[in-house]
Every structure is written in structure tokens, then in C-alpha cells.
Amino acid sequence: MPEGDTVFAAAARLRQGLAGRTLTSTQFRIPSLATSDLSGRAVVSVRSRGKHLLIDIGESEPGAGDALSIHSHLKMEGVWHVHRRGQKWRRPAYQARVVLRTDDHEAVGFDLGTLELLADPDAALAYLGPDLLADDFDREEAIRRLGADPDQTIGAALLDQRLMAGVGNVFRSEICYLRGVLPTRTVGEVDLGPMVDLSRRLLWANRMRSARTTTGQTSPNGRMWVYGRKGQLCRRCATIIRRGEIQSTGGDRSIYWCPRCQT
Numbered sequence: 001m002p003e004g005d006t007v008f009a010a011a012a013r014l015r016q017g018l019a020g021r022t023l024t025s026t027q028f029r030i031p032s033l034a035t036s037d038l039s040g041r042a043v044v045s046v047r048s049r050g051k052h053l054l055i056d057i058g059e060s061e062p063g064a065g066d067a068l069s070i071h072s073h074l075k076m077e078g079v080w081h082v083h084r085r086g087q088k089w090r091r092p093a094y095q096a097r098v099v100l101r102t103d104d105h106e107a108v109g110f111d112l113g114t115l116e117l118l119a120d121p122d123a124a125l126a127y128l129g130p131d132l133l134a135d136d137f138d139r140e141e142a143i144r145r146l147g148a149d150p151d152q153t154i155g156a157a158l159l160d161q162r163l164m165a166g167v168g169n170v171f172r173s174e175i176c177y178l179r180g181v182l183p184t185r186t187v188g189e190v191d192l193g194p195m196v197d198l199s200r201r202l203l204w205a206n207r208m209r210s211a212r213t214t215t216g217q218t219s220p221n222g223r224m225w226v227y228g229r230k231g232q233l234c235r236r237c238a239t240i241i242r243r244g245e246i247q248s249t250g251g252d253r254s255i256y257w258c259p260r261c262q263t
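Mapping to UniProt numbering: the sequence shown position 257 is 257, numbers consecutive.
Check the hints yourself; a few may be wrong.
What the hints assert, rightly or not - Here are the computed lysine to any residue pairs in the SDA-like style, where the Cα-Cα straight-line distance is at most 20 Å:
hint : residue 1 : residue 2
1    : Lys230    : Cys261
2    : Lys230    : Gly193
3    : Lys230    : Trp204
4    : Lys230    : Pro259
Stated by the list, open to error - Restraint ranges, calculated between C-beta atoms of paired labels, are given here:
hint : residue 1 : residue 2 : range
5    : Ala64     : Gly180    : 53 to 59 Å
6    : Ser210    : Tyr127    : 27 to 33 Å
7    : Thr263    : Ala19     : 43 to 49 Å
8    : Val79     : Thr35     : 40 to 46 Å
9    : Val99     : Glu189    : 17 to 23 Å
10   : Glu140    : Arg243    : 30 to 36 Å
11   : Ser36     : Glu245    : 38 to 44 Å
12   : Pro31     : Lys88     : 23 to 29 Å
13   : Ser25     : Glu61     : 16 to 22 Å
14   : Asp120    : Thr215    : 39 to 45 Å
15   : Ala148    : Ser36     : 16 to 22 Å
16   : Gly180    : Asp120    : 16 to 22 Å
Because the hints were derived from the structure by calculation, they are not lab data.
In this text, a Cβ means the ideal position worked out from N, Cα and C, and glycines have one as well.
Throw the hints in and build the complete structure from the sequences for me.
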């Protein structure tokens, strides 16, 4: 499931293949951008902001003032692939939403949940909370935002990107478990500083991993403490792991917990 670590890694791959290079051709395979053509422009940078990915494109000519950013959000199914020109795509062509080519590389965005061109991406994403994977992550601001509504459940607060950007459903379950906190507890009952610190550590540790892990184990069945383990035994106390729904900004989302380890 794409979360902040997944998007950070995707940006790193795209940066390696595109940054500093000129686009020789572009194809936007969605109706709203079907006539857009960015060929001849340089890729200035590729960066992530929480779960959002930005490919910054330079001006069409010096002084034109028409620099743009390709903004994408993976949602549930999206992925970016980057490879040498001529290599076979790893997904069907009908799933491609955008194709960006340079002289030697090709980047393809498949099943992207959001795809748009933005003239001022930083303003468009200004609503996001501090990015957990940013070098200048503002810990105190994240704590302040999370604590602004003390009656909200911590499970909902962790998933609200306006408060702190990067945590998704997987990390939310794992963070609550590792802090020994039931996700239904209110924010006002939780020590937010250690929860924010743990969130950053977990995302940072996984930002370039091919297989996400919160346990330190890399075997397919050993990577998570509770997420996706409904009905299985808690790795610490052997209590049955439970799964339920908790209301969040994007609607009800599944969450996993141990009723003994989390209080």
C-alpha cells in the first residue's frame, strides 16, 4: 500500500532517470491532459511531499514564466516505473496514465489516482502537515497540529495528512501497536512526542526498502506486528489480533490491534 516511504522511493528512482535531462516526448493518457506536450523541456527536480509526488518541469524557454510540475498521487493502485528506453513495460499499456521519455530513459505512471499539471505546486499542497521524510521536518509543528483536536481518536489523527504527512493505513496500525495505544483512544490521552518520533523513524527506516518492515524481519510473514494479521497470534503475547473500522478523513478504514498489548 503506497505511503510516504513508497512515494519517497519512487521519487528517488524517477530523479535518477529524469532529473537534469530533457524530455524528448510526453504522453498524457487522460482526457484532461490529452493535448499537453512538455517535450523539449528539462526536468528540474523530482520530489515527494508526504504521499504526493512532484516532477518539476522547467520553462519552455528562458523567461517564459511557464514552469510546471507534474503532480501525482498513487492512491491504492498507482505506481511509477522508470527504465531504459526499449525495455518491456511491467504493466499493461492500458493502465498507463503518463509516459515521459528522455534520450535514454522512460518513466511510466500506471493507474495514478491523481495526475495533473500545477503552476504553483507548493501553494496547492500547502494544506499538508509537516512531511515526516523531509530533511527539515518540523517535529513541534506536527505535535501542535495533532494535538489541536484532543477529542479526535489517535487512529484518525495519524491518517489525517493535514496534521502530519506520510502515514497511511499500514503504518498507522503499526505505530499504535508499538506505542501500546488503542487506536480508539483520544489524542488528548496520548503522549504525542514519542508517537511523532516513532512515525518518523519507521518511515525513514523504510524509505528505500524494497519490502517494508516494522519488525526488523524481512520474511514475507514476519514483516508486520499487527497489520494484515487478523486472527493470528500477537508476536509478543499470543493474543488474537483483531481488525475493525475507524472513522478517518477519507472514510472508514481498517485498522489492526492487539487487545492485550494496546490499552
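Going down the list of hints, with the structure as the test:
1. Lys230 with Cys261: holds (15 Å)
2. Lys230 with Gly193: violated (29 Å)
3. Lys230 with Trp204: violated (26 Å)
4. Lys230 with Pro259: Holds, because 12 Å separates the two Cα atoms, which is no more than 20 Å.
5. Ala64 with Gly180: 53 to 59 Å: holds (55 Å)
6. Ser210 with Tyr127: 27 to 33 Å: holds (31 Å)
7. Thr263 with Ala19: 43 to 49 Å: holds (47 Å)
8. Val79 with Thr35: 40 to 46 Å: At roughly 25 Å between Cβ atoms, Thr35 and Val79 fall outside 40 to 46 Å, so the hint is violated.
9. Val99 with Glu189: 17 to 23 Å: violated (49 Å)
10. Glu140 with Arg243: 30 to 36 Å: For Arg243 against Glu140, whose Cβ atoms are near 34 Å apart, the range 30 to 36 Å holds.
11. Ser36 with Glu245: 38 to 44 Å: holds (39 Å)
12. Pro31 with Lys88: 23 to 29 Å: Since Pro31 and Lys88 have Cβ atoms about 27 Å apart, the given range 23 to 29 Å holds.
13. Ser25 with Glu61: 16 to 22 Å: holds (18 Å)
14. Asp120 with Thr215: 39 to 45 Å: Check passed, 41 Å falls within 39 to 45 Å.
15. Ala148 with Ser36: 16 to 22 Å: violated (39 Å)
16. Gly180 with Asp120: 16 to 22 Å: violated (42 Å)
When the structure is compared with the earlier hints, violations turn up for hints 2, 3, 8, 9, 15, 16 and for no others.
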